[in-house]
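Just so you know, the sequences run in chain order A and B.
My numbering applies: residue 3 is where the first sequence begins, and numbers increase by one.
My numbering applies: residue 23 is where the second sequence begins, and numbers increase by one.
Since the hints were made in silico from the structure, they are not lab data.
All figures in this text were calculated on a predicted structure; none of them were measured in a lab.
Cβ atoms here follow ideal geometry from the backbone N, Cα and C, with glycine treated the same way.
Incorrect hints may have been included.
[To be verified] Distance condition first, Cα-Cα at most 27 Å in a straight line; then the derived BS3-like pairs of lysine-lysine:
hint: 1; chain 1: A; residue 1: LYS168; chain 2: A; residue 2: LYS282
hint: 2; chain 1: A; residue 1: LYS221; chain 2: A; residue 2: LYS168
hint: 3; chain 1: B; residue 1: LYS291; chain 2: A; residue 2: LYS168
hint: 4; chain 1: B; residue 1: LYS301; chain 2: A; residue 2: LYS347
hint: 5; chain 1: B; residue 1: LYS157; chain 2: B; residue 2: LYS301
hint: 6; chain 1: A; residue 1: LYS399; chain 2: A; residue 2: LYS377
hint: 7; chain 1: B; residue 1: LYS254; chain 2: A; residue 2: LYS282
hint: 8; chain 1: A; residue 1: LYS347; chain 2: B; residue 2: LYS254
hint: 9; chain 1: B; residue 1: LYS291; chain 2: B; residue 2: LYS188
hint: 10; chain 1: A; residue 1: LYS347; chain 2: A; residue 2: LYS399
hint: 11; chain 1: B; residue 1: LYS254; chain 2: A; residue 2: LYS168
hint: 12; chain 1: B; residue 1: LYS188; chain 2: A; residue 2: LYS315
hint: 13; chain 1: A; residue 1: LYS221; chain 2: B; residue 2: LYS301
hint: 14; chain 1: B; residue 1: LYS255; chain 2: A; residue 2: LYS221
hint: 15; chain 1: B; residue 1: LYS157; chain 2: A; residue 2: LYS168
hint: 16; chain 1: B; residue 1: LYS254; chain 2: A; residue 2: LYS221
hint: 17; chain 1: A; residue 1: LYS168; chain 2: B; residue 2: LYS301
hint: 18; chain 1: A; residue 1: LYS282; chain 2: B; residue 2: LYS157
hint: 19; chain 1: B; residue 1: LYS254; chain 2: A; residue 2: LYS315
hint: 20; chain 1: B; residue 1: LYS188; chain 2: B; residue 2: LYS157
hint: 21; chain 1: A; residue 1: LYS315; chain 2: A; residue 2: LYS399
hint: 22; chain 1: B; residue 1: LYS157; chain 2: B; residue 2: LYS255
[What the hints assert, rightly or not] Okay, the calculated bits of chain B under chain A, using three or more residues with CB under 8 Å as the criterion:
hint: 23; stretch: 45-51
hint: 24; stretch: 79-88
hint: 25; stretch: 244-254
hint: 26; stretch: 277-283
hint: 27; stretch: 299-305
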Amino acid sequence: MSLLDRHVGFVHALREAGLPVSLAEGLDAARALEVIDLTERESLRAAYAATLVKRPSHRPGFDTLFDLWFPASTTGLRPSHEAEPDLETAELPELRDRLAGLLLGAEGMNEFARAMVERFGRQAASPGRQNWFSYSVMRALSPETLMARLLAEVLAGQERGGLAEKVARQRIGENTRRFEEAVSRDVRRRIAEDSGIERIARSSVRPPLEQLDFLRITKADLARLRREVHPLARRLAARLTVKHRLGHRGRLDFRRTVRASLSSGGVPLTTFNRPRRPHKPELVVLCDTSDSVAAFAHFTLLLTYALREQFTKVRAFGFVDTVDEITRFFVPGADVAEAMTRLVKEADMVRFGRTNYGHALERFAERYGDAIGPKTSLLILGDARSNYQPPALETLKRLTRDARHAYWLNPEPTSQWDTGDSVATAYGGVVPMYECRNVTQLAAFIEELA
Amino acid sequence: MWFASPADASERLSAVDYLSDDSIATSVFLAGALGKPLLAEGPAGVGKTQLAKAVAAATGAKLVRLQCYEGLDEARALYEWNYKKQLLRIQAGQDESWDATHDDIFTEEFLLERPLLAAIRSRTPVVLLIDETDKADVEVEGLLLEILSDYQVTIPELGTITAVRKPYVVLTSNATRELSEALKRRCLYLHLEYPTPERERDIVLAQVPTITAALAEQLARTVATMRALELKKAPSIAETIDWANTLIALGRTELDEAAIGATLGVVLKHASDQTRARKELAL
């Protein structure tokens, strides 16, 4: 493959993975290739990144693809291993010793990962074919079980539980993650060598954070998302202010118009309008906190709270099969992660533990009906899966009628509405229902709302 | 040519106490070699503005800075006619014909240069720093497009002024709003993140020469641990350096629980973040 083919193939793969790489940017990258030293792999990576990747959330996908299209050279690079065990024949305890050293910050992580994949990652799939797996490497070496030993080594008699332990834990955890990454990178490279880059490229790039499906989110992703809440809220707020400023002008400012007309002999040549009063709705959020949609509900709640200034007042209610007010967990300055754990532990939202929209709606109307007034926007978050219980449509109709606006955000894809116990269309007939599967859709909705 | 290679860029930046890594050095080199503006984005206090200053210092170029803010307009960013002086000129030459006056009052003498025009017209090498681009209004981005892609400015009365030497342009942004695609497309993009503990230790050592290596190491590791917590605002490099200076001023040589507890306000600036750190780090 010539350099040009490889460049074109790489750019194409990036586009396929959802990175918006324009023609001009592709040309810039090609121009950059002319001026840098192509044998320096890291500066090649940096050159591509600088010209093609213009959003931090696209960077992980870019790195994965880069490693596939421009793999590190594995031949001729044999660093001096004299003092170390021979990686191909050494016993497991020896290898774990070496790994322990690496987790404490020794050099040579990538070479080690490569050798370990060679030894433990191979599994025969069918005669003459082989498959590569990272979990078998992890199982053989099990780096997590080294933590206790390493901590004892690092702390060397210092008391446990203190700051020193935290710092050491963080460092070892970070290095373990790096090792795992190095292993899966090498596994991907080997699969690509066996069966072609395109095949593996398609399956190994995860969508960027803002396009991750709420319902398939992992715990680690949720933590990463939570970190994004404040920056996202700030960006949204900035855009909303701009929108308000640019928005249609309000009513005629009579006083200013008459005053200006004095200079033209009483003829109002130019008219002046009052700036429009910003629309700040009162927001009542009613959200399903059952496990199936918890990630979605949590994130959306956090975001509405981070955007508090955009609303006059925000009240939040959570339900599984009965309903409780959860506003108190989101006082200004409260700790995000803690609010979530307290919410689950302390709020009274569960009776029998099976989601029941009908009962929750009725209880809400009964206990907190006065929360909804003519200035309120009612926002319902949930998948409308009610375990075949009566949906209480009449109650919802009444609530909707009392509110100024009502919206329903459903984290399921539209194609799955009305399947199984979902009553999406029935509810959707009363309250306009929107599909809201990822951060991008959520941001677009909030922008429209405020 | 601004830099000969990424390695050269890295070396000359570190000579002015700016420690780079692979991606910084390559982007800085490419911005010079391709003649494209460099857009540095990242959280506050990771050294975006400092990068532009370091490039200027390393290459011996003059630094021209345009600080963006809400309401920044053409007259503040590009150029303005010196209206008062023009009035005086008109009054002084009362018996002149209109044409002569007209030709005279729209000349160099009455032009007030603002940063963008100054950078374009400079005959000596210039690093143009457009700071906090995200704070400016969307219209300013439109204004920047012509300047950043062709390095030229059009003044109706004088014609188009093209750069004598292409300035080295650095734009910084805190990502409080997304910059437009058109602007991003014209720039090289550099995302500056919090550094690895090793690099941060070296930065602290370079910026605070009186600190001991052991304390710098401890500082960098502790700050890395804090960043791993879920905080509203993670401590930045600038805050790590402040912290190092604080510890030196207090005469501390060891970063233990007591020292951290007493100086936590230097690195964490939200009450909720402090509470969280105290709990998680068992201070």
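For which of the previously enumerated hints does the structure constitute a violation, in increasing order of number?
-> 1, 5, 9, 10, 12, 15, 24
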